[in-house]
Amino acid sequence: MASLIRCPHCGPRPREEFTVRGAVVARPAPDAPDAVWYDAVYLRDNPEGPLDEHWHHAAGCRRWLVVTRDTLTHETLAVVDAAAARGGRP
Amino acid sequence: MRYSALSVFLKGLSGNRDWPRAWRAPEPKPSYDVVIVGGGGHGLATAYYLAREFGITDVAVLEKGWLGSGNIGRNTTIIRSNYLLAGNNPFYEFSMKLWEGLERDFNFNAMVSQRGVLNLFHSDGQRDAYRRRGNAMRLHGVDADLLDRDGVRARVPTIDFDNARFPVKGGLLQPRGGTVRHDAVAWGYARGADARGVDVIQHCAVTGIRRGPGGLVLGVETERGFVGARKLALATAGHSSVTAAMAGLKLPIESHVLQAFVTEGLKPLVDTVVTFGAGHFYVSQSDKGGLVFGGDIDGYNSYARRGNLATVENVAEAGVAMMPSLSRLKVLRSWGGVMDMSMDGSPIIDRTPVDNLYLNAGWCYGGFKATPASGYCFAHLIATGEPHPTAAAMRLDRFARGLTIDEKGQGAQPNLH
Numbered sequence: 001m002a003s004l005i006r007c008p009h010c011g012p013r014p015r016e017e018f019t020v021r022g023a024v025v026a027r028p029a030p031d032a033p034d035a036v037w038y039d040a041v042y043l044r045d046n047p048e049g050p051l052d053e054h055w056h057h058a059a060g061c062r063r064w065l066v067v068t069r070d071t072l073t074h075e076t077l078a079v080v081d082a083a084a085a086r087g088g089r090p
Numbered sequence: 001m002r003y004s005a006l007s008v009f010l011k012g013l014s015g016n017r018d019w020p021r022a023w024r025a026p027e028p029k030p031s032y033d034v035v036i037v038g039g040g041g042h043g044l045a046t047a048y049y050l051a052r053e054f055g056i057t058d059v060a061v062l063e064k065g066w067l068g069s070g071n072i073g074r075n076t077t078i079i080r081s082n083y084l085l086a087g088n089n090p091f092y093e094f095s096m097k098l099w100e101g102l103e104r105d106f107n108f109n110a111m112v113s114q115r116g117v118l119n120l121f122h123s124d125g126q127r128d129a130y131r132r133r134g135n136a137m138r139l140h141g142v143d144a145d146l147l148d149r150d151g152v153r154a155r156v157p158t159i160d161f162d163n164a165r166f167p168v169k170g171g172l173l174q175p176r177g178g179t180v181r182h183d184a185v186a187w188g189y190a191r192g193a194d195a196r197g198v199d200v201i202q203h204c205a206v207t208g209i210r211r212g213p214g215g216l217v218l219g220v221e222t223e224r225g226f227v228g229a230r231k232l233a234l235a236t237a238g239h240s241s242v243t244a245a246m247a248g249l250k251l252p253i254e255s256h257v258l259q260a261f262v263t264e265g266l267k268p269l270v271d272t273v274v275t276f277g278a279g280h281f282y283v284s285q286s287d288k289g290g291l292v293f294g295g296d297i298d299g300y301n302s303y304a305r306r307g308n309l310a311t312v313e314n315v316a317e318a319g320v321a322m323m324p325s326l327s328r329l330k331v332l333r334s335w336g337g338v339m340d341m342s343m344d345g346s347p348i349i350d351r352t353p354v355d356n357l358y359l360n361a362g363w364c365y366g367g368f369k370a371t372p373a374s375g376y377c378f379a380h381l382i383a384t385g386e387p388h389p390t391a392a393a394m395r396l397d398r399f400a401r402g403l404t405i406d407e408k409g410q411g412a413q414p415n416l417h
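In order, the protein sequence lines correspond to chains A and B.
Positions 1 to 90 (full-length UniProt numbering) are the ones given, in order, by the first sequence.
Positions 1 to 417 (full-length UniProt numbering) are the ones given, in order, by the second sequence.
Just so you know, the hints here were simulated from the structure itself, not pulled from any lab data.
What you are looking at is a predicted structure, and each value in this text was computed from that prediction instead of being measured.
Ranges of calculated distance between the beta carbons of each label pair, as one might list FRET restraints:
| id | chain 1 | residue 1 | chain 2 | residue 2 | range |
| --- | --- | --- | --- | --- | --- |
| 1 | B | Ser325 | A | Thr68 | 38 to 48 Å |
| 2 | B | Gly225 | A | Pro14 | 41 to 51 Å |
| 3 | A | Thr73 | B | Leu13 | 46 to 56 Å |
| 4 | A | Asp45 | B | Arg115 | 37 to 47 Å |
Chain B stretches covered by chain A per the calculated footprint, using a threshold of three residues with CB under 8 Å from any CB of chain A:
| id | stretch |
| --- | --- |
| 5 | 240 to 254 |
| 6 | 307 to 319 |
Beyond 12 Å from chain B on every Cβ pair, some chain A residues (computed):
| id | residue |
| --- | --- |
| 7 | Pro8 |
| 8 | His9 |
| 9 | Gly11 |
| 10 | Ala26 |
| 11 | Pro28 |
| 12 | Ala29 |
| 13 | Pro30 |
| 14 | Trp64 |
| 15 | Ala78 |
| 16 | Val80 |
| 17 | Ala82 |
| 18 | Ala84 |
| 19 | Ala85 |
| 20 | Arg89 |
| 21 | Pro90 |
Just so you know, even glycine gets a beta-carbon here, dropped at the ideal spot from N, CA and C.
Just chain A, with the same shape it has in the complex (with noise of 0.2 Å):
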């Protein structure tokens, strides 16, 4: 695992700073049948390789966000905000 992880706002800032949600999911609509919402809540992808995963920095901005990471090697690829990862303004 990287022991910095470049946060969009703060910087590279040590890995401790960060807690793991896991993997992002999109969230179903709420009248979504039962079989789409136990994808979404149960069953994971789990790649060997590249994985979007929402981080929160706990001990910085407080932002959530959205960082692609090789399950492999631990390199951390790319970091956004995960309101910018939707589309929103970070």
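Since the structure of chain A is already known, use the hints to place chain B on it.
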């Protein structure tokens, strides 16, 4: 050959040079009744019990590395059955009972050592929770003793009883818990399966699953060609998502790395397994003298088989909080193993939506203690088509049906289990 005191003595006379191989190195046949993917503890135990209990010997175990190169060779060797939930407890107790007769059963010294497992508690609430757990264990016929502070002190005098923040108030002891020589478990099962006709094939990575009309599995593509299978069993802990994806299945599993550590060799210091209830830390002493310990998983998906320093620091802090003398020791080795973290922290032994494809996965970091029962129950499922009574709750579809086995009560969050 059978090992005995006499055979050890006689081979010793000739300098231990002419021992036969413990298992063969066969070429894969074109097809088998059962092909097991994964030559770890669970896969080998499955093959062993398939042959011994259910008479199915046309079996191949395909291992991508060598025996003992995966999690069976990189864990902290602890066995216990101190579980609370009814879906877990009888299964792990079944495993404990198999451990107790294992060496006689497979004629191999696995150094099964029932030195006890002691979980410390540090508050009244935690004591009540452990009392409840101990009562649940006893109701299932499992041994459990609640120790007070003096009872803990008599057993493990080296822990910090004056810790102002985490005072040790007592502990829950399972005297029949303990440790087992992990590599020997793989070797013993491999040898026992091989002697009954199972082909244990090392250095044979599976690269794909071939399906036929109707979606049935026909066999597996491997580095050494196609191997046909009437029934295919996946026991590829850590990489279950990868192998299941070859059959188009998506699993309720994430792969995470768990680190463990071994210190320099010491004279006897801890004669049981102790766990720190205020953090996540567990320690035992190997028969070679090194302290073996570990803590939490690193907390993010990883297939890298190595951890990061933040977790090393976290584990060391918890360890020193429990046993301050640890700070004087040098750590000789650390390693990271990749594990299936399931969504409720409990394993899966089940058929899959594909009729002749079976799945043994999601052991989180509790797979080692489960090895004998996991193999037995998986073999039972493959041979009879019905789940073994003690593993009946470990269904693949339990999440969809609202029947999770959440021992820690954490919810669908693998990195918290």
